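Participant: Here are the chains, one letter per residue:
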Amino acid sequence: MSSAQVLEKDVKDAKSAPPLTVGRTFQVLVRFFPLLRPLWPQLILLFLVLPLAGSVTSVVPALCNRMIIDVAFPRKSVKMLAAFGGMAVLMMLMERLLSVIVRNATSAHLRTRVIEGLGTRFYRNMLGLDLRYHQSTPVGEKIFRSDTDIIDTAELLGLAFPMTVQYLCQFLVTVLTICLIDWRPMAIAAACSPVFLLVAQQFFNYYRKVDARQRVEGEKLTAQVEQSLANVAVIYAHGARSHSRFQYYRALVRYSLANMLYWFLQQVSIVVVWPSGLPATMAGYLIGLCGYWVITGSMTLGQWQAIGLLIIQAIVPLGILLNYYQVIRLRMVPAERVLSLLDSEKRIGERPGTRPIEAGFRGDIEFKDVCFAYTPEKPVLRGVSFSIRAGRRVAFVGPSGIGKSTILNLLLRFYEPDDGQILVDGEDIRSYRLADYRRQFGIVLQSPVIFERTLRENILYGAHQETPPDLGPVIRGTGLTGVVAALPHGLDTPLCGDGSLSLGQKQCVTVARCMAGEPRLVLLDEPTSLGDPASKQAIVEGIDMAASGKTTVFISHDLLTLRNLDEIIVLNEGVVWERGTHAELLARGGLYHGLWTMQTQRRVDTPTPGEPAP
Amino acid sequence: MSTTAIKQVPDSGRLGLARQARVIRRYAPYYKRHWVKLFLVFLITPLVGAVFNALLPVLSILLIDEVLPRGDYLWVVLFVTATAFGAVLRDVNFLLESFIRFNLKMEVLRDLGRDFYTHMLKMSMAFHTEHPVGERIFRTFIDTHDAARMLGVSLPTAAAMVLQGLAVTGITLFIDWRPAVAIALFFPPYVALTLYLTRLWRRFDRAMREGRAGVTAHLQETYANVMVVKAATREDDEAKRYRTRLRPFLRSFYGWFVCEGFQEGLVHPAGLAVIFSALMGFMLGYLHIQGQITLGQWVALQGLIAGGLIPLATVILHYQTLCREMVAAERVLEVLQRESQTPDPAAGHRPERLQGSIAFDRVSFAYGDEPPLLKDLSFTIKAGEHVAFVGNSGCGKSTLLHLLLRFYDPQSGAIRIDGIDLREYDRYRYRRRLGVVLQRPRLFPGTVRENLVHGAAHHTPEMVERALALADCTDFVHQLPQGLDTVMDEGGNLSGGQKQRLTLARALARDFDILLLDEPLASVDVDSELRIYEAVRRASGARPWSTLPTPLTPFATWIAYSSLMPAASRRAEATTT
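Chains as they are written, first to last, in this note's numbering: chain A, 562 to 1175; chain B, 21 to 597.
Heads up, some of the hints might be wrong.
Stated by the list, open to error - Quick list of the computed label-pair ranges, beta carbon to beta carbon:
1) B/Gly388 with A/Tyr886: 50 to 56 Å
2) A/His1050 with B/Glu470: 41 to 47 Å
3) A/Leu737 with B/Thr101: 33 to 39 Å
4) B/Phe62 with A/Tyr886: 32 to 38 Å
5) A/Thr1054 with B/Gln499: 44 to 50 Å
6) B/Glu470 with A/Thr1054: 34 to 40 Å
7) A/Asp1053 with B/Pro481: 52 to 58 Å
As the list claims (entries may be wrong) - Subject to a maximum C-alpha distance of 25 Å in a straight line, what follows is the list of computed DMTMM-like cross-link-like pairs (lysine to aspartate or glutamate):
8) A/Lys939 with B/Glu470
9) B/Lys260 with A/Asp904
10) B/Lys260 with A/Glu1079
11) B/Lys142 with B/Glu359
12) B/Lys260 with A/Asp989
13) A/Lys939 with B/Glu359
14) B/Lys260 with A/Glu1018
15) B/Lys260 with A/Glu1027
16) B/Lys260 with A/Glu677
17) B/Lys260 with A/Asp997
18) B/Lys142 with A/Asp986
19) B/Lys260 with A/Asp708
20) A/Lys1111 with A/Glu1013
21) A/Lys929 with A/Glu1018
22) B/Lys260 with A/Glu702
23) B/Lys260 with A/Asp986
24) A/Lys939 with B/Asp495
Just so you know, the hints here were simulated from the structure itself, not pulled from any lab data. Treat the numbers as computed from the prediction; the structure is a model and nothing was measured. Ideal Cβ placement from N, Cα and C applies to all residues, glycine included.
For reference, chain B alone in the conformation it holds in the complex (with noise of 0.2 Å):
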């Protein structure tokens, strides 16, 4: 099994301001459309914020100490209704907050789950090859699912915090100014464990990711392949193998769960910070009851340093949140600064049609790090050309299809179309020039239809029902309970022949100019195996194509069995090279 091979950041868990600033200015663009909203979420509401937090308990301390003796009940009427008014402005200020950063968080969201997405499927076939489809749907999901959420709620939170707290614990200080000492005792040691038990969690997040992923990689190998799993009654052995990969994750998940809980017990305000508070507070009775302080004196010292040091802890707090959901922000950008190994051009060939002529010239290919598949492999196919591949298995027919599909890139040599450098061209438009019927009958779960048109961008119903009745799918699609827009399932109402019938019926859906074929015919039965070679021959008159059919199906070994032959079998000689 090789698992997560995405190449990783080496991580011991170790924070740096600087790795996090890199990280967040790696997500600047995500930010930049924004700008309003991270205005509001930056500064107006945590001003706001700031300002209410920290006069509401002023009030108290006027209500008590000046407003009260006066006994003027107008005053505190005032007084009281201000205090309501001010609890409910700064509650609806946080709404209104909590508004924004969801909503910003939604926005980087789309933008960046899109950014992804499209990176994606711009990555070669190696990247998909290389990685299990759970694991790519993790990183794809949950990770930047993680990521917006740091950009749009963790990062505004703990900004907000690191305002609030300070007004309030400013405000504190200048009512008295010896909680600081305490807050001085205090700190030091405290942010130490905080930063060291964020460590141990990062380590925890990212393995818990990874033992995740990988529980999800093989649930997805066997749902996908059930039928062969019962086959074999390898049912046990599967849930015994399932156990086994469960293990690291469930480890990770316990250690996630043993730091949140020193989290929520020490670091966490209601920890460490309130314990401490209560210490200086029993400690400061020492002089009360030496007669230094009154007893009002006592209760207001009291609140004052658990007011201090509270405000203080909480931006800690959310700073290790920031830490923590990094590591679901780097996991992303390892793979948004993976380069495809088939990149594209700055201004790519945007041709409208294509003549068809194919030509390769001493290209090498080799899978990884594999042993060579093509060596200097030379031929050209003039535009119009019926050409057929065959060889023995292994020996690279599929290959030469991939290249021809810019799946991979050659390691040396060029494959030209129409004269110009597959690389040159703008890999979308091209690829949306050819008509293609892959090895294994392939169908998206939705309707037939939906599966027929899938990525065509001009399709009319004329063209669908000529496709149809190209590759013989009439008679059972209008046999179907709703026709063209049947559901299909996951493999039950359609056999594996009419299945591959409606993929080349969905190549010759397309307005192409090259069709390739790649033993589209394997599984169909004989008669309607014969009516669809008919009729794309006769489909074939009428514009330029070329067809490259891999190895011998029926339908190819017409092919070779006709004109081309002698050229056919010289390549495959030179293709078995």
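Extracted from the complex, chain A is given alone in its bound form (with noise of 0.2 Å):
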């Protein structure tokens, strides 16, 4: 699936999404408990103590105002109006510090929980996902989802959530505590809020679509700054410049544009639904009308100015409440995008009963009837069998696009055969434990990756030894002396981009990473393609060490680098077309002896010299 149609499917997601429910929230809630069970005095605090203490704290002040006008200033007593006016601002005080420090600091330090916790684990499974999933989702897409995704899900568990509780519980006491005062205001506001919810509703569903589409503009606008920065040699070398340029300008105004829409709307939700706007307006109605009762003598001033006081403060938490209601909306979609993702069944994974390797590990491969394809319209091993004994050398040759590097993808267990069976030391190789497994292996592809670390790091990359080996022999082994020396600091110099080495160096970087994981079984993957002679000559050496007495797998184009190997494996139309050792190959005069020809041939004529043109 391209980026593109993936993106065009969240959109899809965030549309159909369906509205909120108690109990989807709550399935929400259940899933994440696990990881916040951990934190429950935050979580007490957060959803129990500072709800209540802010609420009590809230409602008092405008009392104590009301005791100031209906009692102390009758008697004028100043003692009561000290004590009352010192009560209110003590009380406001604390509302301060209880609903809104305390609350925030513990919100956010469980929301930091959150994240290291839940990110971590989202990260791990992201790593855990088959390789199907990770070669058809672009990079700028994963990481979105592995940094956004789950801040917005802390800030779900940890701020939205919570907020609500606290603003529902103030809400309530508030509107509780206007009724026991005088409780005919109150009737009329819940007479009038319906219509004022249905606006609101209608309005945020809207805001909703709107967010749903500036995230995937978002989306599309990292993906395409990723993979032209990713790439940024291609660019400069095409001279393209104006071309990436002109593609990035394009998803920027797509996402400027949707951008604009949604914070305008946020604007018009602050006029329209905010405590500032219609509500407050009507509130204004309601207080004016309670006016009319306190000249008719049914009220006193106190309360009056009380009532006024706790309207306002009603109003407040309702507007809160209503954007948080649609926080937890939009949250909802990352949170839940984030549980699917770590229960995924694309996942590779262990399953029931699988076993250890133990030390008498072999390295026996057969392959039985293996069928593979990457998309079903077009197979690409159909019917594959072959065995290989523990210590023996072979290679597999082919047109381009044959399948050969597919063989090492399955070895690797990083995709699953349609059909047939893999068998190694004559188990079924998904009956082995999958990290005892792949320890087996040693790899050198044929462009090398290297890590943003040290040079120590990048060779002990697929080590596992409980004692890291002496890392002597393998540099010596592969050549590296000369570069280990002439780096600043040695075997600990960080090697960053593309720039402290050359591509053959790197090369022998990875020949000395396979070295060094002592693997049973080494699998390469056309290794000396990309190196010069001397280069070349290095990792053909360091090959050789790392892979003697080991089941060894290669793939090359070069025949020439073949001719020693036990066995050559020749692949053609998805299938075995011909195997044995090389002088055998070539006395049955197939396909090898075709290939070998034409590479001969070709190295022995002198062609003609290419003319200088005119």
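Could you use the hints to bring the two separately framed chains together as a complex?
Facilitator: This is the structure:
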């Protein structure tokens, strides 16, 4: 699936996301509960203590105000004024301290723990997903999911839910207090609110769609920047700057339009549903109406003042609640996306009853009628069978795109065969513990991968021994002695980007990595094709050392390098076409013979020199 | 791990009007084009807003004090209607203002984003290799976005708030001067607290951005190389490493939100300003008990104190937001101000075609602080010659190619193409005259066709087909489900050899004068290699071209064995000195 298709799918996901229901919210909470359980002190604080304390402290000042007007002033009591006034100010301070400062710190702490725990688990799961997922998903999108989605999920759990509880509590306590003072204003407010809620609901439905769209445009923009910055050398080399700039600009314009609409709607929401908007106007009329009761004498001036303050106080959480309702609804999408990835079936996982690999592991390989296709319409292997005895060195040969690398991918269990069986040491490879199994392999790929870490960390990347092996022989064996000596901090020099080593040297490092891992099986995918003669020599020598006595599977186009191997398997049209030693295959006069003749002829004949053009 | 090496302005979190003014002045060009919008959001809409915000309370005071006692219902209805109308106008003004602000932000983001991206692509390759992709993405995407928000939204908002705050406070004080005492008492410590908090917050903000860039960089590296991670069964170690890289980010994340708590709790107008107003109100209650003011006056004074304090506190709040967002603006400037190490000439030489002669004249080059790779290298290649470079790994063959592409400039000496110094050329015009295959096959996600014509200004279907045929791609491309319009994913549907042939086709699809090949056929199988070689050789007869294939690929071998063998080996010796 292309990145565009994935993103299209996301838009649909966001649009078709079912409306927020208690059941769905509850489900998400239950799923995340194991993660939150160790954080129970914070949870109690956020969901119980702070909401209650915040609600009480928020209604007391208004009541104090009422007492000042109704009791202290008529009695001309300075003491009571000081007591009630002091109490009100103290409570206001407490309210700010508890409901804002402590709440924010607790919530932030909870969120950091969630991001750390969930983020790490999510990332680990991502790495565990099978290669099919990784190769069909742009890196930018994976980054977005691991970064933004996790932070959003943490916001849902650590901020949106507690805030909702807190303001719901505050709203209820305030309404209750107003009713205790006088029930009439609340009855009128309750009668008016459905209209308001309906308007708000409709508004936010639209708002949510716009938000989903601006996120998708954001993802597209990130993906665009990622792919062009990662391949900046190609853009430079083609003088394609303006082309790349145009693509970026187009993505940017689309994103900025979506983003502008989103922010504008947020402003509209301030005028319409936020306390400063429609509700405040309604409250103003309500307070005015209460003024009528004061004139007719059915309400005291103090009560009127207190109700006035409390109605405003009830509206503030109402607006915030409405907003958080939407935040929860929006953040549910990433949260559920995170959950679905966490229990994704795409992961080539452990099956029950897998067993660890013991010391006597030999490394016999057998393929039994293995069929495999990356996409259903294009089968790659259609029933491949062969066996390789432990310690033998075997090469796969055949036209490009025929499935040579696929055999390595299957052997490493990056993919599972669609049909047939792969046996190692006579057992189905799925019966081994995956990590144990993969550690039996050392690989060298055509294009070396170097991490932005020290040279030592790079070489030890595949080593899982208790005590790290002595790197001396490894370095000498791969001809890296000179390279290490030239680096400013030797083995502990951080390697960065493309700069510090040449491609041939990088390949030597990956051979060293393969050697340091002390594998039982060595898989080589065109390891020498990018090197120059000198480094090729070093690579070949290194490989000889690394692979001595081990089962070795070799893929190469250069038939000359394969002559001395124990067996050559020729693949064609999805099956094993021919197999045998170099001499046997030549004698047979089949496909291999043709390939060999073509390659050797070209090397022996001196071609006509390319004439300089006129 | 070499992390964020972009030279940073040492930041203590300290603010200064001078520094802010400097930053804003640097951004002034992005404002210039939008002077109508600027005029509107900095002057007109804030003024209208200020007038309404100040007028509406005056209307209610008049209603209570003057109109209601008269008992004339017509006047009451008139006043109430006027008030309601005023409120609607105020809101319309607010929405209009928001719309213009976000529109401004969007326009600035487009311009800034484009300039930033262009500037990134103008930097020498050294810049790109120094900084992990993740970090460059973060700067390109999030920092420019925040900087644009500062210019388009926060700055006008702050300006509007200053105007409105002054207007409302002014009117309040005009009605009664006494709240001025409260304001004078309140503001000095309040401003000091705010500034301290802002400084702290800015520091966390910067640390958080850097932390997040580091986390993104880690994600990028491992996701891009997930195959190696899996093969080495390093998933658990990478997850552990990820956790340690999350920590600094999370520390600053926590600090950021604690700061936000103090901000919301105290600095926000609903915090200290309201509490202080209440305190002053209760203290004034003493005057009422003493009989110096009536109950009505007491209620009015309470409202007035709040009315004087809160708008001013809002101004400070917005100033603070502005300061925080300036972190992003400064990070953007750090890149924009960094000069490219391969600067463009004022008026570059823009040839229609190149002859294709190449001369290296005592060229010396080293990457960064490393020991020099090329020392006084001199050679010439005549137009139309086919030349191979051979030598040990790491001796600088690919570097020669990078210098010819002007990814880097030599530290001394000169490279001349057609007798003209490479630095005199318009870089993009020059590069467009080259056909290039870089060492590793790199294709973009997209269709096969998009990849083939990547960056080629003029191309015809015939040119594409011809290039496909030359690079022996015709067969497999036409076997793909949608042919040329098949979307390539990040690795799945094409083999390594096929990808490499496509990169060669991409180079040949262009109308080039010089062909530079760095191991072009390294992973191509034997029979197609032979076909490609024949085809390219045939094509070479048609027009002048120089090849500079680097090490001994079979393709290059042939060239080295042919008439240029002595020359090639001589140069190889020169290269390895």
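Participant: Please go over all the hints and tell whether each is borne out by the structure.
Facilitator: Hint by hint, here is what the structure shows:
At about 54 Å, the CB distance of B/Gly388 to A/Tyr886 agrees with the hint of 50 to 56 Å. Separation of A/His1050 from B/Glu470 is about 43 Å and conforms to the stated range, judged on CB atoms against 41 to 47 Å. The hinted window of 33 to 39 Å between A/Leu737 and B/Thr101 holds, with their beta carbons roughly 36 Å apart. Between B/Phe62 and A/Tyr886 the Cβ separation comes to about 36 Å, which falls inside the hinted range of 32 to 38 Å.
The beta-carbon spacing between A/Thr1054 and B/Gln499, approximately 46 Å, falls within the hinted interval of 44 to 50 Å. The hinted range of 34 to 40 Å is satisfied by B/Glu470 and A/Thr1054, whose Cβ atoms lie roughly 39 Å apart. Our hint of 52 to 58 Å for A/Asp1053 and B/Pro481 holds, since their Cβ atoms are close to 54 Å apart. With a C-alpha separation of about 22 Å, the suggested pairing of A/Lys939 with B/Glu470 holds against the 25 Å cut-off.
Restraint check for B/Lys260 and A/Asp904: satisfied, since their Cα atoms lie roughly 20 Å apart, inside the 25 Å limit. Simply put, B/Lys260 and A/Glu1079 have alpha-carbon atoms about 23 Å apart, close enough for the 25 Å limit, and the pair holds. Our distance criterion of 25 Å between C-alpha atoms is met by B/Lys142 and B/Glu359, whose separation comes to about 9 Å. For the proposed pair B/Lys260 and A/Asp989, the alpha carbon gap of about 31 Å is over 25 Å, so the pair is violated.
Restraint check for A/Lys939 and B/Glu359: not satisfied, since their Cα atoms lie roughly 50 Å apart, outside the 25 Å limit. Under the criterion of a C-alpha separation no larger than 25 Å, the hint pairing B/Lys260 with A/Glu1018 is consistent with the structure, at around 15 Å. As the CA atoms of B/Lys260 and A/Glu1027 are separated by approximately 18 Å, the hinted pair is consistent with the 25 Å bound. Between B/Lys260 and A/Glu677 the alpha-carbon distance is near 10 Å, which keeps this suggested pair within the 25 Å criterion.
Using a Cα cut-off of 25 Å, the hinted pair B/Lys260 and A/Asp997 holds, with the two alpha carbons roughly 19 Å apart. For a cut-off of 25 Å, the pair hint linking B/Lys142 to A/Asp986 is broken: about 56 Å separates their Cα positions. For a cut-off of 25 Å, the pair hint linking B/Lys260 to A/Asp708 stands: about 16 Å separates their Cα positions. For the hint pairing A/Lys1111 with A/Glu1013, the CA-to-CA distance comes to about 30 Å; that exceeds 25 Å, so the pair is violated.
A threshold of 25 Å between alpha carbons decides the hint, and for A/Lys929 with A/Glu1018 the separation of about 38 Å lies outside it, so the pair is violated. Restraint check for B/Lys260 and A/Glu702: satisfied, since their Cα atoms lie roughly 22 Å apart, inside the 25 Å limit. For the hint pairing B/Lys260 with A/Asp986, the CA-to-CA distance comes to about 32 Å; that exceeds 25 Å, so the pair is violated. As the CA atoms of A/Lys939 and B/Asp495 are separated by approximately 15 Å, the hinted pair is consistent with the 25 Å bound.
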